[in-house]
Amino acid sequence: MNQIKYILITTAVAMPGFCAVPVWAQTTPAAQPFVAQIKVSRGIVRIDRAGQRFPGPPGARIKVDDIIITEGNGSVGLMFADNSTLSMGPDSEVVLQRFNYDPTTYMGAFDAYVKQGTVSLQAGNLAQSGADNLRVTTPKSELKGNAKQLLISVGDAK
Amino acid sequence: MKRMDYFLSTCRAASVLGGALMLAACAGQPEYYALSSEPGVPAGSMKVTSRDAAKPGTMTLDAQAPIAMHDEQTVRPANIDAQKMQARFAKALSAQPLPPTRFTLYFVEGSDTLTAESQKAITSILDEIKQRPAPDLVVVGHTDRVGSLSNNDRLAAVRANTIRQQLISRGIDAESIQATGRGERDPLVPTADEVAEPRNRRVEILVR
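Residue numbers (our numbering), protein chains in the order written: chain A, 1 to 158; chain B, 1 to 208.
Hint data in this document are derived by calculation from the structure and do not stem from the laboratory. Incorrect hints may appear among the rest.
Only pairs whose alpha carbons sit at most 35 angstroms apart, straight line, appear in this in silico DSBU-like list of lysine-lysine [said to hold, decoys possible]:
| hint | chain 1 | residue 1 | chain 2 | residue 2 |
| --- | --- | --- | --- | --- |
| 1 | B | LYS120 | B | LYS130 |
| 2 | B | LYS84 | B | LYS55 |
| 3 | A | LYS63 | A | LYS144 |
| 4 | A | LYS148 | A | LYS63 |
| 5 | B | LYS55 | A | LYS148 |
| 6 | B | LYS47 | A | LYS148 |
| 7 | B | LYS130 | A | LYS148 |
| 8 | A | LYS63 | B | LYS130 |
| 9 | B | LYS84 | B | LYS120 |
| 10 | B | LYS47 | A | LYS144 |
| 11 | A | LYS63 | B | LYS47 |
| 12 | B | LYS120 | A | LYS144 |
| 13 | B | LYS55 | A | LYS144 |
| 14 | B | LYS84 | A | LYS148 |
| 15 | A | LYS144 | B | LYS84 |
| 16 | A | LYS63 | B | LYS84 |
Just chain A, with the same shape it has in the complex:
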């Protein structure tokens, strides 16, 4: 375990144009800043991170507090560290609010805010370790539980 290296991100205030500088460091899994990766990306997909806008091609990595957005021609599929997947249809927007995961015990928590669009969530290892580990909020509702697969639609279907 202590041989694993994780990227630590430090905010570089003095570097206009960059919001983060990767630094190799040894730390615990809890401090791992990247929690998911884009596996499928079609059309226009972007990631809003701390006010900066990034493209979302296959391979792009996702951090907590990232906002994932698809345009009218877009769709995207993410895989999380615990094998949970989240995929989004066109004109969708999801804020990843929390993702804690201990790969040894499978304990953790997943919180996402579905602001707009169509979303499919498939629970991974996290859902096995607690009845309420999965939490999704929308403009109108809060959903909490241990669903294996959850579909959510907010606003007009595209």
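Using the hints, position chain B against chain A.
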């Protein structure tokens, strides 16, 4: 509260800009929630609670009531044709990542040395990695129940890291391989404590 403020301010912005889509959403376009499951796999359940204090309501999504909506009233079960739901979510569902492919490699007792057969199997892992556009790997080490819990946690982590290093030496990007140990707590074959079981001395590799 912060999130609701964000949503309301977006509604106000949409009103100013005349964004028909956002207005429709703000004005009460129903939201839909559905549990989906494959035969033989428990669907689980989700408690759905209205966040609108003026329209309180709660219900549980489960195998008996798998679809709900939140309309102008509140949260309530919805009786919607499954095909219509599938159509609504077709593009989101088609973007689901491929499920991970799982490989298992076995070790010589008490060591991080692969059995001869497992050493050869690494080639098929490399082949699977090549099939995927954005591969990443999770390597999880396991032990049998000989020895203490803490020693087995350590050995499991060592096994996972040994395989990680082997994959790196075969050209796989170090950043895309995560290695962890589960010790003796997740046996392939359940045994009593202190029983030597070769099938539990393993790493599982998920190519994702």
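Looking back at the hints listed earlier, which ones does the structure fail to meet? 9, 12
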